[in-house]
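Here the protein sequences line up with chains A and B, keeping their order. Following this note's numbering, the numbering of the first sequence begins with 1 at its first residue and continues without gaps. Following this note's numbering, the numbering of the second sequence begins with 485 at its first residue and continues without gaps.
Simulated from the structure, these hints should not be mistaken for laboratory data. Every residue gets a Cβ at the ideal spot worked out from N, C-alpha and C, and that includes glycine. There may be inaccurate statements among the hints.
Here are the computed lysine-lysine pairs in the DSSO-like style, where the Cα-Cα straight-line distance is at most 30 Å [claimed, not checked]: (1) A:K4 with A:K107; (2) A:K262 with A:K282; (3) B:K494 with A:K282; (4) A:K91 with B:K494; (5) B:K510 with B:K489; (6) A:K85 with A:K262; (7) B:K510 with A:K411; (8) A:K292 with A:K282; (9) A:K91 with A:K334; (10) B:K510 with B:K576; (11) B:K510 with B:K494; (12) B:K576 with A:K91; (13) B:K510 with A:K334; (14) A:K282 with B:K576; (15) A:K262 with A:K107; (16) A:K411 with A:K292; (17) A:K282 with A:K4; (18) A:K411 with B:K489; (19) A:K411 with A:K282; (20) A:K107 with A:K85; (21) B:K494 with A:K334; (22) A:K411 with A:K262; (23) B:K489 with A:K334; (24) A:K411 with B:K576; (25) A:K91 with B:K489; (26) A:K334 with A:K292; (27) A:K411 with A:K387.
Partial chain A-side listing against chain B, Cβ under 7 Å, derived [as the list claims (entries may be wrong)]: (28) K85; (29) A270; (30) E272; (31) A331; (32) Y340; (33) R342; (34) R354; (35) M357; (36) L363; (37) Q376; (38) A383; (39) N407; (40) K411.
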Amino acid sequence: MHNKTLAELSAALTQGTLSSVALTQHFLDRIQRYDSQLNSLISVTAERALNQAASADQRRQAGQAGPLTGIPLLHKDIFCTQGVKTSCGSKMLDNFIAPYSATVVEKLDAAGMVMLGKTNMDEFAMGSSSETSYYGPVRNPWDTAAVPGGSSGGSAAAVAARLAPVATGTDTGGSIRQPAALCGITGIKPTYGRVSRYGMIAFASSLDQGGPMARTAEDAALMLGAMAGFDPRDSTSIDAPVPDYSATLNDSLDGLRIGLPKEYFGEGLAPEMAALLDAAIKTLEQQGAQIKEISLPNTHLAVPAYYVVAPAECSSNLSRLDGVRYGYRCAHPKDLMDLYQRSRGEGFGAEVKRRIMIGTYALSAGYYDAYYLKAQQLRRLIADDFKAAFTEVDVIAGPTAPTAAFNLGEKVDDPVTMYLSDIYTIAVNLAGVPGLSMPVGFLGGRPVGMQLIGNHFAEARLLNVAHRYQQVTAWHSQAPAAFT
Amino acid sequence: MSLSKADVEKIAHLARIALDQADVPKYAENLSNIFTLVEQMNRIDTTDILPMAHPLDMAARLRPDVVSESNQRDQFQQIAPQVEAGLYLVPKVIE
């Protein structure tokens with residue numbers, strides 16, 4: 001049952017060969033049996049899930065079910081869920097019972113999806129390995145010595161291990177795509193503004209975007225359709241109709257122009273990695289795509305610019321966590337300053353503190369022009385690179401991450417090395433364009449992903465390309481042996 | 485760029501973060517390395533380039549000035565560390 005895709009499970013529910021209660025219980029049993037090896041979950045909401053499942057079954061009997069009704073899912077613990085702990089992977093919010101639900105959660109609830117629990121993640125989504133969580137590191141189901149990527153590593157590991165058919169994630173610099181790649185699943189970061197950020201705990205507000213993590217592009221399309229759409233409660237939400245992402249999955253790739261940025265296939269990329277990507281690109285070429293070399297000349301500036309923009313915005317967003325209104329408060333504060341400083345010093349982990357301090361420095365008096373303004377100017381150059389590229393090609397393809405999953409502990413003490421894990425994904429967030437990662441092979445038993453980047457609002461095209469690729473390949477249906 | 489221990493302590497104070505003294509040298513090293521990475525930005529001349537504040541260059545949306553939120557103070561204060569009579573309590577600020 002757990003090896004079926006969301007689309008297959010949806011068909012079984014429709015045919016009446018399966019109930020949502022049975023399906024939900026099956027995944028809850030798997031979580032109980034397997035998650036101790038992965039630590040992919042922070043909370044399991046079994047009772048709530050079984051109630052939602054029973055409602056979904058009733059709704060189906062009443063003839064009011066949609067394709068997602070009764071399908072279990074996991075939410076990244078960054079999405080507020082009313083009445084359920086929403087920790088963001090932090091000690092700071094370990095006691096935070098969200099008083100309201102994120103728009104994404106409300107929309108998926110309304111579609112009849114069943115929340116099994118909340119997934120583990122890098123603290124406040126700051127990390128590329130899911131090791132910075134207050135709740136301990138997540139492990140990769142393909143090899144538990146390896147990280148699952150981050151920050152949505154709990155969601156990626158759980159979906160890869162078949163603990164849930166799909167999960168939500170968020171992506172500020174690669175946090176959906178990089179863990180999707182490292183765990184061998186399919187994930188898409190939509191265009192900035194496509195999915196509401198309301199109730200999604202803010203890290204860097206001009207970069208953050210929620211999206212689906214699934215095993216197939218078809219499943220991601222179904223889920224994205226339910227997640228996307230205008231939300232008046234998010235001031236940067238885009239008021240544009242949501243296309244039927246499933247309707248165009250099978251469109252022909254004839255004449256599709258795919259650009260390969262020479263900067264993505266340069267010396268930083270291992271030859272065995274390049275070989276897997278070449279094979280995937282050949283497969284797309286056989287389906288009618290035309291391949292063209294392009295250039296994104298400012299690629300090398302993306303990581304430096306990002307590590308000003310993201311920390312600056314994070315230092316501002318996280319200033320609300322002050323030990324006064326909610327969240328962690330230190331014991332016996334002697335005065336107000338002590339309350340602020342110790343609540344934040346004790347409540348935040350090292351990586352979050354580093355980023356807040358970088359942002360604080362970059363925004364402090366006298367440094368604004370040298371750091372924040374400079375980074376925003378580079379951001380323009382990076383976005384212009386994509387704008388120019390999309391006059392020549394429809395889709396850009398390249399690696400999602402420079403390597404397959406690295407080992408736990410390998411990079412966690414060296415922030416700069418860790419930051420370079422996102423070298424191919426960060427520019428996409430700075431430009432606000434959509435990006436998808438899909439599995440294209442294995443290196444040493446660990447999955448490798450290929451990234452597809454599209455112009456603003458080209459999610460349907462990315463899902464179409466990934467779906468056509470998955471129709472003729474089987475990488476996406478491989479399951480980690482220990483969790484089959 | 486190289487940050488001293490004193491620089492780190494000053495930034496931590498601005499950020500309202502208490503650091504263990506023993507951790508300060510490590511933060512100084514890590515932050516210095518990150519700023520060295522960031523300073524690769526300076527290799528590019530950005531004179532006359534318009535800063536990009538938002539990925540879609542959109543204008544802020546306006547809405548009618550009407551009340552849209554109801555008072556949920558009691559609910560929100562249920563998760564507060566310390567409240568009394570509808571007020572958030574902190575250590576005394578004025579002697």
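These are the hints, each one checked on the structure:
1. A:K4 with A:K107: 24 Å, holds
2. A:K262 with A:K282: Within the cut-off at roughly 17 Å; holds.
3. B:K494 with A:K282: Violated: K494 of chain B and K282 of chain A sit about 55 Å apart, past 30 Å.
4. A:K91 with B:K494: Holds, because 24 Å separates the two Cα atoms, which is no more than 30 Å.
5. B:K510 with B:K489: 9 Å, holds
6. A:K85 with A:K262: 45 Å, violated
7. B:K510 with A:K411: 15 Å, holds
8. A:K292 with A:K282: Holds, at roughly 12 Å.
9. A:K91 with A:K334: 21 Å, holds
10. B:K510 with B:K576: 34 Å, violated
11. B:K510 with B:K494: 15 Å, holds
12. B:K576 with A:K91: 26 Å, holds
13. B:K510 with A:K334: Roughly 27 Å separates the two Cα atoms, so the pair holds.
14. A:K282 with B:K576: The given pair, whose Cα atoms are some 69 Å apart, is violated under the 30 Å limit.
15. A:K262 with A:K107: Answer violated: K262 of chain A to K107 of chain A is near 40 Å, above 30 Å.
16. A:K411 with A:K292: 35 Å, violated
17. A:K282 with A:K4: Distance of about 28 Å is within 30 Å: holds.
18. A:K411 with B:K489: 24 Å, holds
19. A:K411 with A:K282: 33 Å, violated
20. A:K107 with A:K85: 19 Å, holds
21. B:K494 with A:K334: 21 Å, holds
22. A:K411 with A:K262: 27 Å, holds
23. B:K489 with A:K334: 25 Å, holds
24. A:K411 with B:K576: 44 Å, violated
25. A:K91 with B:K489: Since the Cα atoms of K91 of chain A and K489 of chain B sit roughly 26 Å apart, the hinted pair holds (cutoff 30 Å).
26. A:K334 with A:K292: Between K334 of chain A and K292 of chain A the Cα gap is close to 64 Å, so the pair fails against 30 Å, i.e. violated.
27. A:K411 with A:K387: Violated. K411 of chain A to K387 of chain A sits at ~34 Å, over the 30 Å cutoff.
28. K85: Violated, about 10 Å.
29. A270: 22 Å, violated
30. E272: 27 Å, violated
31. A331: 11 Å, violated
32. Y340: 4 Å, holds
33. R342: 5 Å, holds
34. R354: 6 Å, holds
35. M357: 5 Å, holds
36. L363: 9 Å, violated
37. Q376: Holds - the Cβ of Q376 of chain A comes within 7 Å of chain B, reaching about 3 Å at its closest.
38. A383: 6 Å, holds
39. N407: Result: violated, 21 Å to nearest chain B Cβ.
40. K411: 13 Å, violated
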